[in-house]
Amino acid sequence: MEAQNITEKSKDTPSAVTETLTLNKILKIESLTPEAFKPFGDLIDKESSEFFMINNGSTRRYHRMTDVDVADNGGEPIISIFQATPLQYPLSIKMMERHPLGSQAFVPLLGNPYLILVAPKDDSPDPSAIRAFISNGKQGVNYHKGVWHHPVLALTEQDQFLIVDRAGPGNNCDEVYFSDKVQVELTLDDLVSI
Numbered sequence: 540m541e542a543q544n545i546t547e548k549s550k551d552t553p554s555a556v557t558e559t560l561t562l563n564k565i566l567k568i569e570s571l572t573p574e575a576f577k578p579f580g581d582l583i584d585k586e587s588s589e590f591f592m593i594n595n596g597s598t599r600r601y602h603r604m605t606d607v608d609v610a611d612n613g614g615e616p617i618i619s620i621f622q623a624t625p626l627q628y629p630l631s632i633k634m635m636e637r638h639p640l641g642s643q644a645f646v647p648l649l650g651n652p653y654l655i656l657v658a659p660k661d662d663s664p665d666p667s668a669i670r671a672f673i674s675n676g677k678q679g680v681n682y683h684k685g686v687w688h689h690p691v692l693a694l695t696e697q698d699q700f701l702i703v704d705r706a707g708p709g710n711n712c713d714e715v716y717f718s719d720k721v722q723v724e725l726t727l728d729d730l731v732s733i
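Numbers 540 to 733, taken from the working numbering, label the letters of the sequence shown in order.
Do not rely on the hints blindly, as some may be mistaken.
What the hints assert, rightly or not - Listed below are the simulated BS3-like cross-link pairs for lysine-lysine, each with C-alpha atoms no more than 25 Å apart in a straight line: (1) Lys577 <-> Lys660; (2) Lys677 <-> Lys564; (3) Lys720 <-> Lys660; (4) Lys660 <-> Lys633.
What the hints assert, rightly or not - Across the chosen pairs, the derived CB separations fall in these ranges: (5) Ile593 <-> Leu562: 44 to 52 Å; (6) Gln622 <-> Leu562: 30 to 38 Å; (7) Gln622 <-> Gly596: 35 to 43 Å.
Hints listed in this document are in silico derivations from the structure and should not be mistaken for laboratory results. Beta carbons: idealized from backbone N, C-alpha and C, even for Gly.
Start from the sequences, fold in the hints, and give me the full structure.
Now the structure itself:
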């Protein structure tokens, strides 16, 4: 099995951007809509997608809900399953990651709501620009290449996600850790109704 190449900054070595930044922020959890998520990627959701009938009218095909963008540097698309457990909340956000060579899609398999944290594309993630979304458990997301995001945030025990991302040569995962002066907290106090 091929392991992904990861560039990881030590937890004791924050990125240059966050070394001088002082921030104290509590994230507000937003509803996941195509418009709100557009700066970061695509919403994979049949409720906001068109379909056409196939198989003699017995099946709706929600066609091309997102594009898989993984060909840079000889990459190939792969499908994986992630099994995730919830973290402890309130959660102090200490790092973000990005995939500079390919998109990455998460599609929930068990129908459970889960959280999504993203920040705009840039050389380093801007902690003040992090946004939090909640999926209703039927909505997946496809992070565009280079979009900063937090690793998967399940809310239920042993949640599962179908992942479509990239395998191939080159570094496709950058992780950046924030300095101790950057306090970004995610609580479940303001979960929007889904």
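Tested hints:
no. : hint                          : result
1   : Lys577 <-> Lys660             : 12 Å, holds
2   : Lys677 <-> Lys564             : 29 Å, violated
3   : Lys720 <-> Lys660             : 22 Å, holds
4   : Lys660 <-> Lys633             : 18 Å, holds
5   : Ile593 <-> Leu562: 44 to 52 Å : 50 Å, holds
6   : Gln622 <-> Leu562: 30 to 38 Å : 33 Å, holds
7   : Gln622 <-> Gly596: 35 to 43 Å : 36 Å, holds
Checked against the numbered hints above, the structure breaks only hint 2 and satisfies the rest.
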